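Chains as they are written, first to last, in my numbering: chain A, 1 to 266; chain B, 1 to 266.
To be clear, the hints were calculated from the coordinates, so they are not data collected in a lab. One should not assume that every hint holds.
Since the list can't tell identical chains apart, any single copy or any two copies may satisfy a pair.
[Stated by the list, open to error] When the alpha-carbon atoms are kept at most 20 Å apart in a straight line, the in silico EDC-like pairs for lysine to aspartate or glutamate are as follows:
| hint | residue 1 | residue 2 |
| --- | --- | --- |
| 1 | Lys-46 | Asp-58 |
| 2 | Lys-24 | Asp-146 |
| 3 | Lys-31 | Asp-94 |
| 4 | Lys-258 | Asp-45 |
| 5 | Lys-67 | Asp-230 |
| 6 | Lys-67 | Asp-266 |
From a predicted model like this one, the values you see are computed outputs, not experimental measurements.
Protein chains: 2
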Amino acid sequence: MEETENTVQRPLILVTNDDGIFAKGIRELVKAIRPYGDIVVVAPDKPQSGKSHAVTLDMPLWYMVSKFDDADRAYKCTGSPADCIKIALFRILDRRPDLVISGINHGSNASINIVYSGTMGAAMEGAIHGIPSIGFSLLSFSSDADFESAATVSARIVEKVMQRLDNLPFMCLNVNIPNLPVDELKGVKVARQGRGEWIEDFVRHFHPSNKRPYYWLTGEYHDLEPESPDTDSRYLDEGYVTVQPVTVDCTDYGAMRKMKEEGWWD
Amino acid sequence: MEETENTVQRPLILVTNDDGIFAKGIRELVKAIRPYGDIVVVAPDKPQSGKSHAVTLDMPLWYMVSKFDDADRAYKCTGSPADCIKIALFRILDRRPDLVISGINHGSNASINIVYSGTMGAAMEGAIHGIPSIGFSLLSFSSDADFESAATVSARIVEKVMQRLDNLPFMCLNVNIPNLPVDELKGVKVARQGRGEWIEDFVRHFHPSNKRPYYWLTGEYHDLEPESPDTDSRYLDEGYVTVQPVTVDCTDYGAMRKMKEEGWWD
């Protein structure tokens, strides 16, 4: 049977985030990428920052229809960002999405932040199932940040990826966007993940009744290679949008080679 | 001042897990590695399987002393496995540990399981802070699994790592142990992470009162490269203990090279 115009489907884009379905970042993202396909949103019903690639094994999940301007369909789900992708792929959607998009995150996912990031956990979940996936993050933690610039950049990147869907050199991208107006952005750099760590300061408070101490996880980012010219953190500081191609293979191949040479456990 | 015998400290080993401080796996582990240093346990007060590298940003954390045979000190903490490492390093311990150990996990962390694993999230957190770290997992999900073999193997590996602490070719290891008696294990293989995915089956149940559907995340592991001879999954099937050196750098360097060659976003 010859393909008729009726049977040609628009690309399907699955969207999630980790700040929750009511966050400004995901609303601005969907508005900006609307032209590139049918949009289905499956996003957490509450903020899930710092949830990394967590999945919910000890509790059931619920999801329900949610109102969402600019999306074709939207659902809020009780689970983590990675749960949202799983339940979308295996329960909600009736066809395989062409692209998974997560974000726009309120805050940086450059450097070591990627390992804690629910935004990137969701994007990597898409990639595990062989679907090209992109996480977008704006370098501002404000819930009312100005997403105009980040949404414009995100839309341009989505357009470019959609044009080459059949021949992408990557499966997953971590895109970070400086908190600057579009005309002050220096350009886009493909960059590796800079090495860094959070030096934590557990702030102690006391329960008002039983006086037991409790602790808030707060900390300060510490760049472990501030002199390196080619890290994502460095480029972001200089005003570039960074694009990090991401793998879910955690193997340290350099260490593996050395261990084999040294005959560890032979 | 000359160092006297009094001032020589035994190595400090920080231990956590994701099945919770009361799980059999962590108890058997601590018993087995007791000879190699002072042991401080900081572990979740309840099961935290599937919590990946999650950190708790939206709630405070509590910890309190817990009874633990064979450990020098032990604390149970309300957070995730990665939280436990952070609060241990930055609040509880008065010196830097020489080694972080996580496990023994009840269940495999080979192949794609590493990305969902709270056990490995904790080990990777140690590595982020420059402390050699090992996650141990036994290929049995039973809460009452026989850990004799896994504990013996774990102790041997800890001993070997402790002997070479100053010159390790890796910062983090993911060790998986088949559920076999020691004399049936074939040996130890340094192995890369095999490619795989979970094909999920969201089992639907209904709330007894309001009849709303809810879903349990269950699934089946699908090996994406069953013919490859050198993956962790393959070696485990053959009866080998696998040792995967792990990095927290998620950059896909192969994709990065291709993107630069193709001039993406130039």
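Taking the hints in turn, this is what the structure says about them:
no., hint, result
1, Lys-46 to Asp-58, "both (18 Å within a copy, 11 Å between copies)"
2, Lys-24 to Asp-146, "within (9 Å within a copy, 50 Å between copies)"
3, Lys-31 to Asp-94, "neither (23 Å within a copy, 51 Å between copies)"
4, Lys-258 to Asp-45, "neither (46 Å within a copy, 38 Å between copies)"
5, Lys-67 to Asp-230, "neither (42 Å within a copy, 48 Å between copies)"
6, Lys-67 to Asp-266, "neither (59 Å within a copy, 39 Å between copies)"
Hints 3, 4, 5 and 6 from the list above are not met by this structure, while the remaining hints are.
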